[in-house]
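J.: Can you build the whole structure from these sequences, using the hints too?
Which chain is which? The protein sequence lines are A and B, in order.
If you're matching positions, the first sequence starts at 1 in our numbering and goes up one per residue.
If you're matching positions, the second sequence starts at 1001 in our numbering and goes up one per residue.
Source of the hints: derived by calculation from the structure; they are not laboratory data.
Any given hint could turn out to be false.
Interface residues of chain A toward chain B, partial, derived using beta-carbon atoms under 10 Å [claimed, not checked]: (1) S29; (2) M30; (3) A42; (4) K49; (5) D53.
From the three backbone atoms N, C-alpha and C, an ideal C-beta is built for every residue, glycine too.
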Amino acid sequence: MRLRDQDKVQLVKQKAIELIVNDGLEGFSMNKLARVCKISVATLYIYYKDRDDLIIKITAEELKLMGDAIVKDFDPGMSFEQGLRKQWQNRYRYIVENPQMNIFFEQLRSSSYQEEYLSGYMADFKAIMGKFMHNVIERGEIDAMPFEVYWSIAFAPLYNLVRFHNEGKSLDGRPFKMTDEVLWKTFDLVVKALKK
Amino acid sequence: MDTIENFNHILLFKTNICCDNDKQLLHNLLDNHPHIQCWNIDMEDSDCVLRIISYTLPREQIIEMINHHGYQCCELT
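T.: Shown next as structure tokens:
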């Protein structure tokens, strides 16, 4: 009999994310992870079948947490501006509270895990987002447009501001720091661009 | 929170089976074994960990079986 220590499971997850964020997927191995967690390699293989299984399971769990955070207190029946504002609040809070996760997901997006990463997970989340877009178009609040166009206008500005903030500078090298004022000014411009 | 679970059916071994050709031997030995539920090998890991789910097979028997075919295999601790 072994003890499944939930704190240990959590530690494994946290350290795996840290290692992948800092060293990339290439340098990530079960041996390295076991060393960092100060547990035996065998313990890791009790929890996970292999390296792929570990990466995919952790990613799935984290995607679920992110999806839940983004739809918190959000209702796809909300008006366009109210709904988008809630989305921006939730997405921004998630990024601030989980600064590593953006880099983690980016690492996976540009890897062979992309297919696993994108397929199936977050189905509920995607359905809610799709429903919101459908509702606001149906009510005539915004024009009908392809999802990619909608997403690029509605959310890409937020993620780009966060990128500038994380890099600490703007395109021309001037220092940049995100503030509530910048965030909500940008939001107003996004609403203006999309709302009829 | 801790929960006690029985993991005795998860058998873990350190091996030197690290390429597809070597892996073929495992397919021959393990795929249709009546006492093995499933198995996999992590050839990306430096310990080339072989993971077998079996409720009845003793570890020693697997070690012997793989050693007999000229490969290293010992319990992963």
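J.: Of the hints given before, which are not true for this structure?
T.: none
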